[in-house]
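Participant: Here are the chains, one letter per residue:
There are 2 protein chains.
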Amino acid sequence: MKSFNPPVRTLMGPGPSDVHPRILSAMARPTIGHLDPAFVSMMDETKEGLQYAFQTKNQLTMPVSAPGSAGMETCFANLVEPGDKVIVCINGVFGGRMKENITRFGGEAIVVNDDWGTTISLDKVEEALKENPDAKIVAFVQAETSTGAWSDAKRITKLAHDHDCIVIVDAVTSLAGSKLMVDEWEIDAIYSGTQKCLSAMPGISPISIGERAIKKIQSRTTPIPSWFLDLNLVMGYWGEGSKRTYHHTAPVNTLYGFHEALVMLMEEGIENSRKRHRENHYILRDGLESMGINFLVNEDDRLPQLNSVMIPEGYDDAEIRTKLLNEFNLEIGAGLGEFAGKVWRIGLMGYSSRKSNIELCLSALRSVLK
Amino acid sequence: MKSFNPPVRTLMGPGPSDVHPRILSAMARPTIGHLDPAFVSMMDETKEGLQYAFQTKNQLTMPVSAPGSAGMETCFANLVEPGDKVIVCINGVFGGRMKENITRFGGEAIVVNDDWGTTISLDKVEEALKENPDAKIVAFVQAETSTGAWSDAKRITKLAHDHDCIVIVDAVTSLAGSKLMVDEWEIDAIYSGTQKCLSAMPGISPISIGERAIKKIQSRTTPIPSWFLDLNLVMGYWGEGSKRTYHHTAPVNTLYGFHEALVMLMEEGIENSRKRHRENHYILRDGLESMGINFLVNEDDRLPQLNSVMIPEGYDDAEIRTKLLNEFNLEIGAGLGEFAGKVWRIGLMGYSSRKSNIELCLSALRSVLK
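Chains A and B, in that order, are what the protein sequence lines are.
Position 3 of the first sequence, counted from 1, bears residue number 912 in the working numbering, the numbering being contiguous throughout.
Position 128 of the second sequence, counted from 1, bears residue number 1037 in the working numbering, the numbering being contiguous throughout.
Any given hint could turn out to be false.
The list cannot tell twin chains apart, which means a pair is met if one copy fits it or any two copies do.
[Said to hold, decoys possible] Straight-line alpha carbon distances no greater than 25 Å define the calculated BS3-like cross-link-like pairs of lysine-lysine that follow:
#1 Lys1033 x Lys1067
#2 Lys994 x Lys1264
#3 Lys1033 x Lys994
#4 Lys1251 x Lys1125
#5 Lys1125 x Lys1045
#6 Lys1251 x Lys994
#7 Lys966 x Lys1125
#8 Lys1124 x Lys966
#9 Lys1008 x Lys1184
#10 Lys994 x Lys1232
#11 Lys1063 x Lys1045
It should be emphasised that the hints constitute simulated quantities derived from the structure, not laboratory data.
Could you build the full structure based on these sequences and the hints that come with them?
Facilitator: The following block contains the structure:
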């Protein structure tokens, strides 16, 4: 067994996206103790940077020390009590995963189904809310990573609140790539990933929890079925500087990288980051359409950072992706579920969302699709 | 908010230990996709390296994608069913945390208490087993990080098996520092950390699960109360190469570092690693004793990698540790629980276990304790 030297890829799948060299080199800085005063200050800054990314003043805004799936689980394990009715919108893989979380924690899932590749229907959500006046939570995905479809987080949240429900929002792929205003839209609980539009390495999961959600956690009558993800304990660890209570050993070097990603986001400005994602999407779209490649999702519902396109007839999915990887060191994503073998997912996320990547992708596709 | 440049510390607390430059630089290698064939091969090698570290052939041997606390929770969430009687040995903080896990998952904890700083009493364990013939699991810590006391994992496991119990072992601080033979001792389920005697960065948690434990998981009648840590799902992800099922996005760069740590362990040899930890402990011990500093734990029960010593009379705990940090960039650990303010914990773990660190620690202590 020898040291592992990975091939140098261009990552244009559904994540991880290309990690910027600044972030890679931040990760390699010397490890310090997780209770070191210097580390504690860095945690405070990370919290501020993340509040900026989420556009929130929520005190309980921090990265969970585990990947996006654990951020999801943190929200559901803390907020869903056995017997709680939860309306869950499913228009792709990750809505389905929300449902699995709900039932694991003893909740009753009321499913609002929409076709994969389409946006969540507001009418259906409203109907479900009217039919279930005892529902407590509405859970949905803002940016479905499995299909590339966007949904209207602002209006779904408004509908939920109108019916006395709180919301749990999956923003794994949307954070820093799509418009996302946690405070303005009054989102109650949200989780995201680091390896998408923030271009940091995978491994931790930003969350933000607002007042209504904290109240629901505090009024639980059953214990939270996790020690590691219990927000009552995690809050003590990510709380104000001097009061910090040891909970677990933070992933120190991963947090260095994440801190750097937030510094870079602040340097660029979140509006500029979104604009870049949008503009680069148009360039990719025009290039793909000029090759006769069609998009899966209607123009209005498309995510700029995740482009799902139909695999042209007569080509084998795996064969083409393998060629792109072997000949061009270019990774694009396969379709999931009902779209396996039919769709490619081309990510333009974070540092991957740049013109040189688009040119590489288009010319590599032209080369292998001939 | 600016890029974070951590101070360069010497880490001689209870973990993280100094991370070797080879491991830091491995972490900074370019991120690749978590389904990239090159990454999948690296995962296979990591599994092999970890089997070597644990001295096991268990197929279910892998790092959980979250810190040690999550490795602990993986074992308890999967193995403890509501109503299960679990004998748990508490002789420090981490035995207590095991108990919290048991009750979270609906188990009934039968506590075997020993004084903090002492080893687990085999007689008490046997007594508890006799008094609770319906107990299903014995849970204990091999190396109590909170006190520096070692316990006899081989004999406790034998006792448990004699009474038809399986064992869950906390090896967070022992792996690669203390003798640990998972197959020879027939340990059923074990979890560890990366940031102790393996000197990798914190953030993932190696576990190994044997046949008896897998049977117990498979014969559950209630669902596992976690999606993220459900071993039925995680097994699919860390399974054999081609059959891999997507579960979550692996912490790619952290795994690069961990892989490098395992390569280094194999280069040194696990016996040599233990020998180095033992020999360096003697040098530190002699130096501390020559200064009149006494150990908390009886000689026979001491962990070579974690030295708990009594704070000499007349000195203020926090003041001295702050001086060591500010004047020498040296971190040593505070006491926990009943030992707070009374004990220091000096770690000689992994890359921190080297002569130059010992000399720095001894001379810095001489300088501040005058």
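Participant: Take the hints in turn and mark each one as holding or not.
Facilitator: Hints, one by one, checked against the model:
1. Taking CA atoms no more than 25 Å apart as the test, Lys1033 paired with Lys1067 passes inside one copy only; the shortest distance there is 14 Å, against 59 Å between copies.
2. In this homomeric assembly, Lys994 and Lys1264 never come within 25 Å of each other (Cα to Cα): the closest approach is 46 Å inside a single copy and 60 Å across copies.
3. Only within a single protomer do Lys1033 and Lys994 lie at most 25 Å apart by alpha-carbon distance; the minimum there is 16 Å, versus 46 Å between protomers.
4. Taking the shortest Cα distances, Lys1251 and Lys1125 never come within 25 Å of each other, neither inside one copy (42 Å) nor across copies (40 Å).
5. Taking CA atoms no more than 25 Å apart as the test, Lys1125 paired with Lys1045 passes inside one copy only; the shortest distance there is 10 Å, against 35 Å between copies.
6. Within a single copy, Lys1251 and Lys994 get their C-alpha atoms no closer than 35 Å, and across copies no closer than 50 Å, so neither meets the 25 Å cut-off.
7. For the homomeric pair Lys966 and Lys1125, the shortest alpha-carbon distance inside one copy (19 Å) is at most 25 Å, but the shortest distance between copies (46 Å) is not.
8. Only within a single protomer do Lys1124 and Lys966 lie at most 25 Å apart by alpha-carbon distance; the minimum there is 17 Å, versus 48 Å between protomers.
9. Taking CA atoms no more than 25 Å apart as the test, Lys1008 paired with Lys1184 passes in neither setting, with 33 Å inside one copy and 51 Å between copies.
10. Taking the closest pair of Cα atoms, Lys994 and Lys1232 never come within 25 Å of each other, the shortest separation being 47 Å inside a single copy and 55 Å across copies.
11. With identical chains, the CA atoms of Lys1063 and Lys1045 are at most 25 Å apart within one copy only, with a shortest distance of 18 Å there and 50 Å across copies.
In this structure, the hints that do not hold are numbers 2, 4, 6, 9 and 10, in rising order.
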